[in-house]
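A.B. asks: Please construct the entire structure, taking both the sequences and the accompanying hints into account.
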Amino acid sequence: MRVRFAGNCRPVHETKPFFSAPRDRDARPEKPVMNPRALPYILLAPATFFLCAFFLYPFVLVAWQAIATDEGELTTKYLSEMFTHWKFNTALTNTFWLVLAVVPIQVALSLLMATLVTKMQKGRDMVLYIWTIPLGISDLAAGLIWLTIFEQTGFLNSLLTNVGAIEEPIAFLGYESKGTIFLAVVLAEIWRATAIMLVILVAGMGLIPKEYDEAAQVFGASRWQRFIKVTLPLLKPSLQTALILRVILAFEVFAVVVALAGTNLPVLMSEVYNRQFDMQDTHVAAAFALLILVISVACTLVIMRALRTPKGASL
Amino acid sequence: MNKIASTITSPERHGVVGGEQRLVRIAFATTVIVLCLWVLVPIWLLIANTFSTPEEVNGFPKRFFPSFDTESVEFFLGFYGVGKALWNSIVVATLTMIMSIGIGAPAGYALSRFEFRGKSTFRILVLMTRAFPLPLLALPMAVLFLRVGLDDTVFALALVHTTLALPFAVLITFSLFSGVPIELEEAAWTLGCTRLKAFRKVILPLVLPGISASAIFAFVVSWNEVFAAAVLTIEHRTLPAFLLQSLDVAPLHLKFAGGAMLVVPALIFIFMVRKYLFAMWGIANR
Numbered sequence: 487m488r489v490r491f492a493g494n495c496r497p498v499h500e501t502k503p504f505f506s507a508p509r510d511r512d513a514r515p516e517k518p519v520m521n522p523r524a525l526p527y528i529l530l531a532p533a534t535f536f537l538c539a540f541f542l543y544p545f546v547l548v549a550w551q552a553i554a555t556d557e558g559e560l561t562t563k564y565l566s567e568m569f570t571h572w573k574f575n576t577a578l579t580n581t582f583w584l585v586l587a588v589v590p591i592q593v594a595l596s597l598l599m600a601t602l603v604t605k606m607q608k609g610r611d612m613v614l615y616i617w618t619i620p621l622g623i624s625d626l627a628a629g630l631i632w633l634t635i636f637e638q639t640g641f642l643n644s645l646l647t648n649v650g651a652i653e654e655p656i657a658f659l660g661y662e663s664k665g666t667i668f669l670a671v672v673l674a675e676i677w678r679a680t681a682i683m684l685v686i687l688v689a690g691m692g693l694i695p696k697e698y699d700e701a702a703q704v705f706g707a708s709r710w711q712r713f714i715k716v717t718l719p720l721l722k723p724s725l726q727t728a729l730i731l732r733v734i735l736a737f738e739v740f741a742v743v744v745a746l747a748g749t750n751l752p753v754l755m756s757e758v759y760n761r762q763f764d765m766q767d768t769h770v771a772a773a774f775a776l777l778i779l780v781i782s783v784a785c786t787l788v789i790m791r792a793l794r795t796p797k798g799a800s801l
Numbered sequence: 007m008n009k010i011a012s013t014i015t016s017p018e019r020h021g022v023v024g025g026e027q028r029l030v031r032i033a034f035a036t037t038v039i040v041l042c043l044w045v046l047v048p049i050w051l052l053i054a055n056t057f058s059t060p061e062e063v064n065g066f067p068k069r070f071f072p073s074f075d076t077e078s079v080e081f082f083l084g085f086y087g088v089g090k091a092l093w094n095s096i097v098v099a100t101l102t103m104i105m106s107i108g109i110g111a112p113a114g115y116a117l118s119r120f121e122f123r124g125k126s127t128f129r130i131l132v133l134m135t136r137a138f139p140l141p142l143l144a145l146p147m148a149v150l151f152l153r154v155g156l157d158d159t160v161f162a163l164a165l166v167h168t169t170l171a172l173p174f175a176v177l178i179t180f181s182l183f184s185g186v187p188i189e190l191e192e193a194a195w196t197l198g199c200t201r202l203k204a205f206r207k208v209i210l211p212l213v214l215p216g217i218s219a220s221a222i223f224a225f226v227v228s229w230n231e232v233f234a235a236a237v238l239t240i241e242h243r244t245l246p247a248f249l250l251q252s253l254d255v256a257p258l259h260l261k262f263a264g265g266a267m268l269v270v271p272a273l274i275f276i277f278m279v280r281k282y283l284f285a286m287w288g289i290a291n292r
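First to last, the protein sequences are chains A and B. All you need for our numbering is the position in the first sequence, starting with 1, plus 486. All you need for our numbering is the position in the second sequence, starting with 1, plus 6.
If you're looking for bench data, these hints aren't it; they were derived computationally from the structure. Note that CB positions come from ideal geometry on N, CA and C, so glycine has one too. Incorrect hints may appear among the rest.
[As the list claims (entries may be wrong)] Some chain B residues judged to face chain A by a derived CB distance under 7 Å, without partners named:
#: 1; residue: V45
#: 2; residue: N55
#: 3; residue: F57
#: 4; residue: F66
#: 5; residue: P67
#: 6; residue: A137
#: 7; residue: L250
#: 8; residue: A272
[Stated by the list, open to error] Straight-line alpha carbon distances no greater than 25 Å define the calculated SDA-like cross-link-like pairs of lysine to any residue that follow:
#: 9; chain 1: B; residue 1: K125; chain 2: A; residue 2: M790
#: 10; chain 1: A; residue 1: K605; chain 2: B; residue 2: W44
#: 11; chain 1: B; residue 1: K125; chain 2: A; residue 2: F536
#: 12; chain 1: B; residue 1: K125; chain 2: A; residue 2: P522
#: 13; chain 1: A; residue 1: K563; chain 2: A; residue 2: T576
#: 14; chain 1: A; residue 1: K608; chain 2: B; residue 2: G24
#: 15; chain 1: A; residue 1: K608; chain 2: B; residue 2: R280
#: 16; chain 1: A; residue 1: K608; chain 2: B; residue 2: T37
#: 17; chain 1: A; residue 1: K696; chain 2: A; residue 2: T601
#: 18; chain 1: A; residue 1: K605; chain 2: B; residue 2: G25
#: 19; chain 1: B; residue 1: K125; chain 2: A; residue 2: R794
#: 20; chain 1: A; residue 1: K715; chain 2: B; residue 2: V30
#: 21; chain 1: A; residue 1: K664; chain 2: A; residue 2: I682
#: 22; chain 1: A; residue 1: K696; chain 2: B; residue 2: G185
#: 23; chain 1: A; residue 1: K608; chain 2: B; residue 2: L41
#: 24; chain 1: B; residue 1: K281; chain 2: B; residue 2: L101
C.D. replies: What follows is the structure, encoded as structure tokens:
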């Protein structure tokens, strides 16, 4: 899909009307109701205002809440309260481990799926629809979906009992089985959020001209070599976008964890929620939010740098 | 080029490596089917739970095929607070849809039709929203809304949800308007249409399906959002917020029926907008 930037398009009445040469004052082109130069700004104004008021300003505000008291004095007590809280290290490490476990698998899986879709001749649309279904599914719903499998009377235990592998249902999500809780969350996250990367990568692969691959084929490159040496480098911009989106969403992991693990697997976002909602402790919640924000921006910068496309090398 | 390509591929197709080729094809088809099942089976299990009686949902072992009983669904719909939460969800999502298209579509049009100073700054502002965890916005907004008396209202939540949906609305309408040749508009102008009339009579009918797709997408974004909804509302909880807050007390059949209630509309919506998914996400590259 190519998107065209429309060129400089002036309304016709601004240029000289070519069908009737101006004779006198009355025949001058009618004055436009709106100044066409101002028009784009008028059209953009609501969106710009909205993004400034509800996107930029709140982020300044959340940072301010994390480092200042209600009276406006700068303080580090909220930050230090966050860092010294007994749950802080667990929440931080859990979140990082989740990101590290989920994202690489998703990259590999979405690359595989995108390659399969591009090579597919029959039933492409059908398969693509099925694979992108999780895109429309809420993270809470995804958590509940995987709860049907992993809860104690759930489908996994039913299956294992039916084939005679176990006698008694296992408490996969119980307080003591941290390992299976983690695994369940990882599976649910992979299930839910691979589609978003898939869509970006499929769109990106559609932009790569077939000739490159055919040329490599002429020189006798194998499938794998063609994928590594031709497709992957050309896919870099899409991969960059997909990774940034995915990593940021991965640090925001919340409802899946709450649905599957309750309070047994604290993550950063659930700490924000507890502080804000249960403890009404806005400032410490803001401190957690600021931390997630800093991590997100740092990750974005790292990914942008690591996967940057040299100027002039893009398609 | 085609000739070369066909001479390359033909020995693979008919020659000695035919057996290997078939193996590759079987592996290919198997992978595709397994991945389809990976997506579909968990959804099926949720649906199966929803259409079983509460006793079956809480019983063990589970049956993989439901008894198609609506008792769980009826219990869910009759549960205190569910009806109101459903209504709130619909109101918030509708408001989000109207606001994000109403604000986003003019911006998309301006980006596609004009060259002007500050255009790239605006594009960066829109793309920047992707690099930030937006649901966190709910925290400072909760304080702000309290100050202006908008706390715990569906409108306040819709404002935050619009922030989530607006970047998509801008980007997809931009790509839609770019797809309509400027010449069509110019022709209308020379025939005496004003800018507004040309837009209404010529451009709007062409982009309307795409606009509705992005409106539906905005609806789904709001319908699915959990964190901001749970932080910003107490009395006016949406369905996801209601479900989240009753997770540790609700019986299993209530949770699963609620989960299905969230999933089914989203499934239908995604099916309706599937043609536009790539326009929405693919564009992020440029």
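A.B. asks: All the hints need checking, so say for each whether the structure fits it.
C.D. replies: Checked hints:
1. V45: Result: holds, 6 Å to nearest chain A Cβ.
2. N55: Hint on B:N55: holds, closest Cβ of chain A at ~5 Å, below 7 Å.
3. F57: Since the shortest Cβ distance to chain A is 12 Å, the answer is violated.
4. F66: Nearest chain A Cβ about 4 Å off; hint holds.
5. P67: Holds: closest Cβ of chain A sits about 4 Å from B:P67, inside 7 Å.
6. A137: Since the shortest Cβ distance to chain A is 4 Å, the answer is holds.
7. L250: Nearest chain A Cβ about 6 Å off; hint holds.
8. A272: 4 Å, holds
9. B:K125 to A:M790: With a Cα-Cα distance of about 22 Å, the restraint between B:K125 and A:M790 holds, given a limit of 25 Å.
10. A:K605 to B:W44: With a Cα-Cα distance of about 20 Å, the restraint between A:K605 and B:W44 holds, given a limit of 25 Å.
11. B:K125 to A:F536: It holds: about 16 Å lies between the C-alpha atoms, which stays within 25 Å.
12. B:K125 to A:P522: Distance ~15 Å between B:K125 and A:P522 Cα, so the pair holds.
13. A:K563 to A:T576: With Cα atoms ~20 Å apart, A:K563 and A:T576 stay inside 25 Å; holds.
14. A:K608 to B:G24: 20 Å, holds
15. A:K608 to B:R280: 18 Å, holds
16. A:K608 to B:T37: Holds: A:K608 and B:T37 sit about 15 Å apart, inside 25 Å.
17. A:K696 to A:T601: Since the Cα atoms of A:K696 and A:T601 sit roughly 13 Å apart, the hinted pair holds (cutoff 25 Å).
18. A:K605 to B:G25: Holds - the C-alpha atoms of B:G25 and A:K605 are around 19 Å apart, at most 25 Å.
19. B:K125 to A:R794: 23 Å, holds
20. A:K715 to B:V30: 21 Å, holds
21. A:K664 to A:I682: This hinted pair is violated, its Cα atoms lying about 28 Å apart.
22. A:K696 to B:G185: With Cα atoms ~24 Å apart, A:K696 and B:G185 stay inside 25 Å; holds.
23. A:K608 to B:L41: 16 Å, holds
24. B:K281 to B:L101: 24 Å, holds
Checked against the numbered hints listed earlier, the structure breaks hints 3 and 21; every other hint is satisfied.
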